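Student: Take a look at the letters that make up each chain.
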Amino acid sequence: MRDQAELPTDAELVDRLRNRDEDAFALVLDAWSGGMARVARSIVSTHASADEVVQDAWLAVVQGIGRFEGRSSLKTWVYRILVNTAKRRAMREGRQVSWSPVAGEDDSPTVDPARFGGPDDRFPGHWLAFPAPWPSPEQDMLAGEVQAHVEVALAELPDRQRVVITLRDVEGYSADEVSSILQISAANQRVLLHRARALVRGKLEEYFVASAATDVGTEARP
Amino acid sequence: MTDLNCDQLVELVTDYLDGALDEETERRVADHLVGCDGCTTYVQQIRRTITTLGSAPPADVELSDEARDALLAAFREPPR
Numbered sequence: 001m002r003d004q005a006e007l008p009t010d011a012e013l014v015d016r017l018r019n020r021d022e023d024a025f026a027l028v029l030d031a032w033s034g035g036m037a038r039v040a041r042s043i044v045s046t047h048a049s050a051d052e053v054v055q056d057a058w059l060a061v062v063q064g065i066g067r068f069e070g071r072s073s074l075k076t077w078v079y080r081i082l083v084n085t086a087k088r089r090a091m092r093e094g095r096q097v098s099w100s101p102v103a104g105e106d107d108s109p110t111v112d113p114a115r116f117g118g119p120d121d122r123f124p125g126h127w128l129a130f131p132a133p134w135p136s137p138e139q140d141m142l143a144g145e146v147q148a149h150v151e152v153a154l155a156e157l158p159d160r161q162r163v164v165i166t167l168r169d170v171e172g173y174s175a176d177e178v179s180s181i182l183q184i185s186a187a188n189q190r191v192l193l194h195r196a197r198a199l200v201r202g203k204l205e206e207y208f209v210a211s212a213a214t215d216v217g218t219e220a221r222p
Numbered sequence: 001m002t003d004l005n006c007d008q009l010v011e012l013v014t015d016y017l018d019g020a021l022d023e024e025t026e027r028r029v030a031d032h033l034v035g036c037d038g039c040t041t042y043v044q045q046i047r048r049t050i051t052t053l054g055s056a057p058p059a060d061v062e063l064s065d066e067a068r069d070a071l072l073a074a075f076r077e078p079p080r
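From first to last, the protein sequence lines are chains D and Z. Going left to right, the first sequence walks through residues 1 to 222 as my numbering numbers them. Going left to right, the second sequence walks through residues 1 to 80 as my numbering numbers them.
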């Protein structure tokens with residue numbers, strides 16, 4: 001996980017924070033605030049309010065460090081406070097982050113069923129046409145554009161899916177840690193992640209297919 | 001044991017990559033992938049999606065100096 005390696009162990013950090021060691025606080029502040037802001041942005045509506053959420057969460061950490069029981073890692077505990085702070089803020093902004101399952105979210109297909117053979121086709125349930133291969137990252141001259149499409153895809157995801165995929169794939173948390181931070185079941189975490197990844201892959205596919213078509217068009221011209 | 005269809009496999013990818021499948025299902029997924037270029041490509045693209053997400057350039061997300069100073073001050077003298 002980003003920046004984690006440079007920090008002292010949890011036991012040492014917690015000890016130093018409780019003893020009001022300002023250097024220890026500066027260490028975690030500098031190591032974690034960036035990631036916390038990204039996660040906050042996945043929950044609240046503006047970057048400005050995300051920055052405030054990060055600050056409010058740190059204030060809650062300062063006040064609450066005496067209550068930290070070490071049942072999760074310190075960072076997980078801090079992120080849980082962050083997520084709860086962000087959810088309250090989102091609600092005040094009139095933005096409902098619903099954490100209960102949305103209808104169809106558990107079992108509807110994540111890949112368009114029209115891409116697979118139907119009962120009357122020769123191979124029911126198999127790809128009618130294979131997904132087109134993407135250019136390798138080395139071939140891909142437009143890495144910045146790919147990232148931009150990923151950003152757009154993230155923004156379009158349902159709220160809970162965006163929070164889960166941000167924690168898992170952008171911030172690099174494990175499945176257990178994400179369940180613990182969001183206080184959702186392991187099964188729920190997996191469903192949300194699965195749907196989110198399939199949607200982002202779909203957006204990238206649209207982008208690569210569209211740019212391949214443009215390339216062919218260019219080559220075909222004399 | 002029945003063979004998996006592609007439309008079933010694509011719904012198992014996340015559990016497969018997390019190592020969260022039972023042994024039997026994991027073997028069926030692996031067996032299917034050996035013989036299916038379409039699903040192999042699909043799984044590669046999911047992996048690529050994950051690495052692309054993880055290599056997002058650090059956005060402008062650092063604390064402002066002002067906010068950092070305020071938090072350090074609050075740490076020195078926490079509100080009671």
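Derived by calculation from the structure, the hints in this document are not laboratory data. Wrong hints could be hidden among the right ones.
Distance windows between CB atoms, simulated [stated by the list, open to error]:
hint, chain 1, residue 1, chain 2, residue 2, range
1, Z, D18, D, A143, 18 to 28 angstroms
2, Z, G54, D, V209, 43 to 53 angstroms
3, D, D21, Z, S55, 27 to 37 angstroms
4, Z, E77, D, E156, 41 to 51 angstroms
5, Z, L33, D, Q147, 21 to 31 angstroms
6, D, A186, Z, L72, 33 to 43 angstroms
7, Z, D37, D, E206, 32 to 42 angstroms
8, D, S108, Z, G54, 40 to 50 angstroms
9, D, G64, Z, D37, 49 to 59 angstroms
10, D, T214, Z, D65, 43 to 53 angstroms
11, D, V209, Z, G35, 35 to 45 angstroms
In this text, all values refer to a predicted model and were calculated from it rather than measured experimentally. Backbone N, C-alpha and C fix where the C-beta goes; we use that ideal spot for every residue, glycine too.
Student: Which hints from the list above does the structure break, by number from lowest to highest?
Tutor: Hints 2, 7, 8 and 11 are the ones this structure does not satisfy, whereas the remaining hints hold.
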